[in-house]
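Chemist: Sequence:
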Amino acid sequence: MSLRFFNTYSRAPEEFRPIAADGRTVKMYTCGPTVYSYAHIGNFRAYLFEDLLQRHLELRGFKVQRVMNITDVDDKTIRGCQEAGVPLAQFTEPFTEAFFDDLAALRIKRADNYPRATEEQHVAAMIAMIGTLIERGLAYQAEDKSVYFRIKNFAEYGRLAHFNLDELQSTGRVKNDEYEKESVGDFALWKAWDEADGPVRWDSPWGSGRPGWHIECSAMATQLLGEQLDIHCGGVDNIFPHHEAEIAQTEGVTGKQFVRYWMHCAHLQVDAQKMSKSLGNFYTLRDVLAKGYTGREVRYALMRVHYRAPLNFTWEGMDEARQALGRIDEWVARLRAKAAEENVERRTSNAEGRTEAFEEALDDDLNISAALGFLFETIRQTNRALDGGTLDAAAARGWLEWWNRIDTVLALTGEDTSVPANITALGEARAQARLAKEWRKSDELRDELAALGWEIRDTKDGQKITKRGGA
RNA sequence: GGCGGGGUAGCCAAGUGGUAAGGCAGCGGUCUGCAAAACCGCUAUUCGCGGGUUCGAUUCCCGCCCCCGCCUCCA
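Sequential numbering from 8 applies to the first sequence in the working numbering.
Calculated directly from the structure, the hints in this document are not laboratory data.
On a predicted model such as this, the values are computed, not experimentally measured, just so you know.
Please note that the accuracy of each hint is not assured.
To be verified - Label pairs and their in silico Cβ distance ranges: (1) D108 with N171: 40 to 46 Å; (2) T32 with E422: 45 to 51 Å; (3) A340 with Q439: 21 to 27 Å; (4) T32 with N160: 30 to 36 Å; (5) L459 with Q264: 38 to 44 Å; (6) D394 with E422: 22 to 28 Å; (7) R86 with R464: 36 to 42 Å.
Said to hold, decoys possible - Cross-link-like lysine-lysine pairs, in silico, DSS-like; alpha carbons within 27 Å at most: (8) K116 with K345; (9) K448 with K345; (10) K284 with K83; (11) K471 with K444; (12) K263 with K298; (13) K152 with K116; (14) K298 with K281.
Yeah, the Cβ is synthetic: ideal placement off N, Cα and C, and Gly gets one too.
Generate the whole structure from the sequences, applying the supplied hints.
Modeler: Right, dumping it as structure tokens:
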């Protein structure tokens, strides 16, 4: 079965083949955050989808080069730094760091580069691109001194979004009387400085100002990855105008197809509405962690639904994630215990089966639900074999190997939490009470442990203490 | 109005022209001092609605309804 992804360009699944001659290198660009506040978990849904994509490509042997931009200059960051009374960089830095912390908490792999829009080399690249676009008649400087892209000279404009530009209906978000643009749809490449920008300004052949949002991605992507990318991702709300603009700018300069596969993630919803800063119905990762959930639980909750389907965020969903992870943890722990036993003649048969189904499901446009379905089926079968004593140490090791392989994609293995001394002591006391058949006392100790967040249970091999929820 | 995404059990969700994976929750059972975990069984004659094609449709075709998003700087 081949690897295939749904391409927004064609609105159809397409077999994936990288551009690189080696057939292995994959160049991937993913739109990153604007660092004017903390990212919300809807944003992270997109980053988790991209993480799943990268990890699965790597599992399949591809070498992924990924770039994610950090937008550290725009209207919101400028407004924010002025309100805070600090320089722009000082304002954006803590949010940038918080973003990286959040990525780590969600176990999202680091990209190879996180270029910032304000870096001099990138601003220089943006200016160079704008110059070329003007030379080619694809951009012009208007009376307000800003430079705009001339969409009517780029025939492909609207192709990605499948928009017929003549039929667009204004939602009121665009100001028709905005300066001297030739066409309402022309977007800013270079925004002329005005007083509201304060000290935020760069020199350019068109006067001082700052880059438009879209040009940032075009410049940084081509600088770091080259003129042609294999995959470019983002949320569906980026299709138009952002990605459309990126295509226009980049192809306007290079004359080559910018991106082969455009992949877009559906929104995270709250109460069946898009989670967004402007609606105010959002949770940051910090908000969710503050409720006692872990990054890995959020990872599972946001990753378990196919990326092109809307996902409604609920606390019930978080609890469900916790339970499901507990099931996985328990299974891994049982396999580990069994695997540690003396190797004996392998006599397992009923727990062996196809293990490729997981990866093949992901090959099919990252069908995570089917992949997880297979995982849980496997868990049930191997548990049954463990219960029945028909799964030996060698087989357990085999299943652990399989788990370790698919977990390079899932990144859901629980962290080993060492049991604190006071908890161990309570456990010991309970064991003593049980030996003495002092059931009431042992049950009280069990409750006490539960109140501290530890679960104790009795097995054939004695008591076992595990952290509830968590890690 | 244009362009998309979605509508499958109480909730989340996969899926196929041949009679509905999996997870969570719930109920009953095995195990346990009691639990927990694990396992076993039960929980959609039915896949938004109405037509059509077909031996047979949740799956294909036509029409409609509902939810969500984009339509010029939102992941």
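Chemist: For each hint, tell me whether it holds in the structure or not.
Modeler: Tested hints:
1. D108 with N171: 40 to 46 Å: Roughly 44 Å apart at Cβ, these two residues keep to the hinted range, so it holds.
2. T32 with E422: 45 to 51 Å: With a Cβ separation near 33 Å, T32 and E422 fall outside 45 to 51 Å, so the hint is violated.
3. A340 with Q439: 21 to 27 Å: Given range 21 to 27 Å: holds, Cβ gap about 25 Å.
4. T32 with N160: 30 to 36 Å: 33 Å, holds
5. L459 with Q264: 38 to 44 Å: 59 Å, violated
6. D394 with E422: 22 to 28 Å: 27 Å, holds
7. R86 with R464: 36 to 42 Å: Violated, at about 54 Å.
8. K116 with K345: 31 Å, violated
9. K448 with K345: Given that 27 Å is the threshold and the Cα spacing comes to 32 Å, the pair is violated.
10. K284 with K83: 12 Å, holds
11. K471 with K444: 18 Å, holds
12. K263 with K298: It is violated: about 49 Å lies between the C-alpha atoms, which goes past 27 Å.
13. K152 with K116: 41 Å, violated
14. K298 with K281: 22 Å, holds
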